[in-house]
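Student: One-letter residues, chain by chain:
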Amino acid sequence: MDLLSFVNFYLIPGIVLGAIYALGAIGITLVFGVLRFAHLAHGDMATLGAFLALALVTGLGLNPWVALPFAMAATAVIAVTLHWLFYEHLRRRSAILTVIASLGVALMLRAVVQVIWGADSQSYVGGITRPESYFGIRIKDRELWTLGATVALVIGLQLFLTFTRWGKAMRAMSDNPDLARLSGIDTRLTTALTWTIIGLLCAAAGFFLGINTELKPLMGWYMLLPMFAAAILGGVGRIEGAILGGMVIGIAEECSVLFLPAEYKSALAFVILLIMLAVRPTGLLRGKVL
Amino acid sequence: MSHTQTGGPILSVAGVSGGYGGADILHGIDMTVGPHEIVGIVGPNGAGKSTALKAIFGLVQVRGGAIRFENRDITGWAPNRIVRCGIGYVPQVDNVFREMTVAENLEMGAFLRRHGLDEALERVYTLFPDLVEKRRKAAGSLSGGQRQMVAFGRALMLDPQLLLLDEPTAGLSPRYREQIFQIVRDVRAAGVAVLLVEQHAKQALAFCDRAYVLASGRNRAEGTGPGLVADREIAQMFLGG
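From first to last, the protein sequence lines are chains R and W.
For the first sequence, the working numbering gives the first residue as 1, with consecutive numbering after it.
For the second sequence, the working numbering gives the first residue as 1, with consecutive numbering after it.
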């Protein structure tokens, strides 16, 4: 196989998948960094976001890319609501209770998606899209859009965390929650803000997976392991680590079919995670707070 | 007890008892702090020194007595309300945001401040000139003494009239200890009263205007710093000979 076919058939799909995993892993790292628990409903929240966009596409006839920001906003509202309903009152209890509660939320969200949209595969647009060729490198428009939107979201998030008052408050709460409270930072509002961002990122990740493959009620659940693997691989609590981890897992999964039967593709994230935990448990970039 | 300034105390603690969970650690303690005063709380381990500070700042449940600050009853207020009314608190450990820069640490101290951030920063940098060149460094990477400056600076960003310091010299070498005491004097010179808990009683008493000796959650003695050191009985019983 020549280099160009490797790039076209393995590397580019790997990078696109990696970008989707990265968005999910950033959300997982935010929950872990600021709220200190492993959010098992992350994948199903992404599924819900993807299907909300589908509702806007089929119901109102919107272009999927126009529907995306609305679906993101709606998922953010749902994320904050779920926090108030299910996690807020467990705040002072052991973190494992919140983790298990999030598993319950995951099952609920999946059930809601199945009840409303059914169990069959769906897609935003029918037909087959042919990739454009740029100097021999073949890439589809929607893949370019996915990568561009991911880069924009990540840059926006980094700017927000580095330069704004509330972004810094999120980092302060991640760094030292007690001191944040002593400094007069409103930790309830900061928590709500964190969930808002998580909802936005979840919906984007689900939408990108849906538009590049198809929409299935279990799509987010299957994405949960690679997303967690990506967050841990990169070093939990580090956004740049989540991006790196997402890319490694995404590209490794797509390239694995070169030397492994395709059925083992989704087991690969698990293998990478196990090796990583054995060799360097803090992640590629040493884990820290935000 | 006379105060160094006229006009009465800014903080008065009267008969305060309380503690964590069910059991009381404080059994009716009394203390006052006047404007521009440095007041120490000393005593043996487990005397309730840090708990007294936490009770004032609303971090420990107060079950009896009253705490008044600037003629307002602040008993039972939450810390984020107390911080607004002019009391700053520096915990003993974990008192900086380690991964954030010095400047960001100070900014977080002024989170409640809508205006005058630059002036507040300017004031803290004037008080702690060492921090100016470190302002883009992560607070966790600084030396113990500089980290305390960041912690003090963060608590001073809201312009408090009273600063509560919980064992500011804990874990620091004697050389740094003197540096911290000097910083406390500088803070007072900037017009802020200080109430501090100190493990190294003798060294602390030598520079506090007044001090309270606590034991088993009760007042045991009070007086000027040098006066308490000179009192043989107090010195032997509570200050380690």
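I should point out that these hints are in silico values taken from the structure, not numbers from a laboratory.
Here the structure is a predicted model, which means the values were calculated and not measured.
Positions of the beta carbon are idealized from the N, C-alpha and C atoms, including for glycine.
Keep in mind that the hints are not guaranteed to be accurate.
Chain R is nowhere near these chain W residues, computed Cβ spacing over 12 angstroms in every case [stated by the list, open to error]:
{"no.": "1", "residue": "Pro91"}
{"no.": "2", "residue": "Ser143"}
{"no.": "3", "residue": "Ala155"}
If the Cβ cut is set under 8 angstroms, some of the chain R residues that face chain W in the computed set are [what the hints assert, rightly or not]:
{"no.": "4", "residue": "Glu88"}
{"no.": "5", "residue": "Arg91"}
{"no.": "6", "residue": "Ile116"}
{"no.": "7", "residue": "Asp120"}
{"no.": "8", "residue": "Asn176"}
{"no.": "9", "residue": "Leu182"}
{"no.": "10", "residue": "Ser183"}
{"no.": "11", "residue": "Arg188"}
{"no.": "12", "residue": "Ala192"}
{"no.": "13", "residue": "Ala262"}
Here are the simulated distance ranges between beta carbons [as the list claims (entries may be wrong)]:
{"no.": "14", "chain 1": "R", "residue 1": "Pro281", "chain 2": "W", "residue 2": "Arg63", "range": "54 to 60 angstroms"}
{"no.": "15", "chain 1": "W", "residue 1": "Ala230", "chain 2": "R", "residue 2": "Arg188", "range": "49 to 55 angstroms"}
{"no.": "16", "chain 1": "W", "residue 1": "Tyr176", "chain 2": "R", "residue 2": "Arg165", "range": "55 to 61 angstroms"}
{"no.": "17", "chain 1": "W", "residue 1": "Ser216", "chain 2": "R", "residue 2": "Gln158", "range": "24 to 30 angstroms"}
{"no.": "18", "chain 1": "W", "residue 1": "Arg68", "chain 2": "R", "residue 2": "Arg93", "range": "31 to 37 angstroms"}
Student: Work down the list of hints and note, for each, if the structure agrees.
Tutor: Hint check:
| no. | hint | verdict |
| --- | --- | --- |
| 1 | Pro91 | violated (7 angstroms) |
| 2 | Ser143 | holds (19 angstroms) |
| 3 | Ala155 | violated (8 angstroms) |
| 4 | Glu88 | violated (17 angstroms) |
| 5 | Arg91 | violated (16 angstroms) |
| 6 | Ile116 | violated (41 angstroms) |
| 7 | Asp120 | violated (46 angstroms) |
| 8 | Asn176 | holds (5 angstroms) |
| 9 | Leu182 | holds (6 angstroms) |
| 10 | Ser183 | holds (5 angstroms) |
| 11 | Arg188 | violated (11 angstroms) |
| 12 | Ala192 | violated (16 angstroms) |
| 13 | Ala262 | violated (42 angstroms) |
| 14 | R:Pro281 / W:Arg63: 54 to 60 angstroms | violated (45 angstroms) |
| 15 | W:Ala230 / R:Arg188: 49 to 55 angstroms | holds (51 angstroms) |
| 16 | W:Tyr176 / R:Arg165: 55 to 61 angstroms | violated (33 angstroms) |
| 17 | W:Ser216 / R:Gln158: 24 to 30 angstroms | violated (53 angstroms) |
| 18 | W:Arg68 / R:Arg93: 31 to 37 angstroms | holds (35 angstroms) |
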